[in-house]
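Undergrad: Sequence:
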Amino acid sequence: MDTEDLRTFVDVADAGGVSSAARRLGVSKSIVSRRLFRLEAELGVQLLARTTRGAALTEAGVTFREHAARVCAEIDIALETIMPAGELRGRLRIAAPLSLGPTHLAPVFAEMARRHPLLHVQASYSDRFVDIIGEGFDCAIRVGYLNDSNLIARRVGPVSGTLVASPDYVREHGTPGTPDELLTHQALMQGTETWQFIDGDKTISIHPQGRFKADNGSALAAAAVAGLGIAWLPDHLIKGYLDSGALVQVMPRYRVPTAGMFVVRPPGQHSTRKVRVLTELLIEHFG
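To convert, note that position 267 of the sequence shown is 267 in the UniProt record's numbering; the numbers rise steadily by one, no gaps.
Here are the simulated lysine-lysine pairs, DSSO-like style, with alpha carbons at most 30 Å apart: (1) 239 x 213; (2) 202 x 213; (3) 202 x 239.
Read the hints as simulated data drawn from the structure, not as lab findings.
With the hints as constraints, model all of the structure from the sequences given.
TA: In structure tokens, the structure reads:
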């Protein structure tokens with residue numbers, strides 16, 4: 001059984017169709033289809049049901065996809081184990097945040113590709129919470145405060161943030177003096193979240209409320225500039241707005257705990273060398 005056929009099947013299953021997988025792999029649809037037919041013939045079962053909208057996994061395909069992905073990962077680990085000094089090769093699929101990725105992370109990913117010419121680097125930018133296991137990513141870059149999960153995380157750098165609002169909002173609604181007073185203001189948030197503030201040696205947690213939410217930090221910054229409320233935003237997003245006066249700091253007496261930038265990967269005994277190399281490169285840039 002050809003391992004390239006296995007990898008192609010996993011890509012089609014994750015991408016939801018032959019066309020999407022072909023774009024991801026950088027090959028023609030006919031090559032992808034040929035590999036799938038060859039694998040199904042080898043197994044003697046149908047793995048994918050072709051539809052006008054793409055391809056859906058059959059019951060056998062759902063079961064086989066999990067095992068095929070594990071086999072491909074084990075082969076990669078085995079190759080890296082016996083050739084630790086060899087050139088990185090294969091594919092590195094990274095999920096990265098849209099708010100930070102194109103401006104800050106994209107140059108690092110490009111440097112990774114430059115240093116390792118046999119490696120195929122594929123970055124996907126989105127501020128949604130990506131299921132890296134289910135969607136077949138090698139790792140993800142996440143910013144903020146990590147929730148408990150079964151994923152393995154490595155902190156690669158600090159991310160500082162500031163509470164901000166527009167001058168118009170401050171003129172119309174005033175500014176909160178304490179975290180408790182913040183509860184009477186409109187908060188601009190990504191979801192249902194907790195904001196923390198440091199007062200001396202104490203950490204104060206509140207659950208702000210607001211009518212405007214977005215899954216993208218740049219969108220929240222735009223809403224703050226428009227005077228819709230108060231936002232907690234990373235400094236890299238708001239520096240230009242603060243410099244121009246479009247946003248002003250709110251509650252400067254209370255420090256916001258420093259968040260972090262993390263590389264997260266699926267659980268397992270081994271971290272693939274390409275993920276370790278990327279992690280070290282990110283620490284080199286942001287640590």
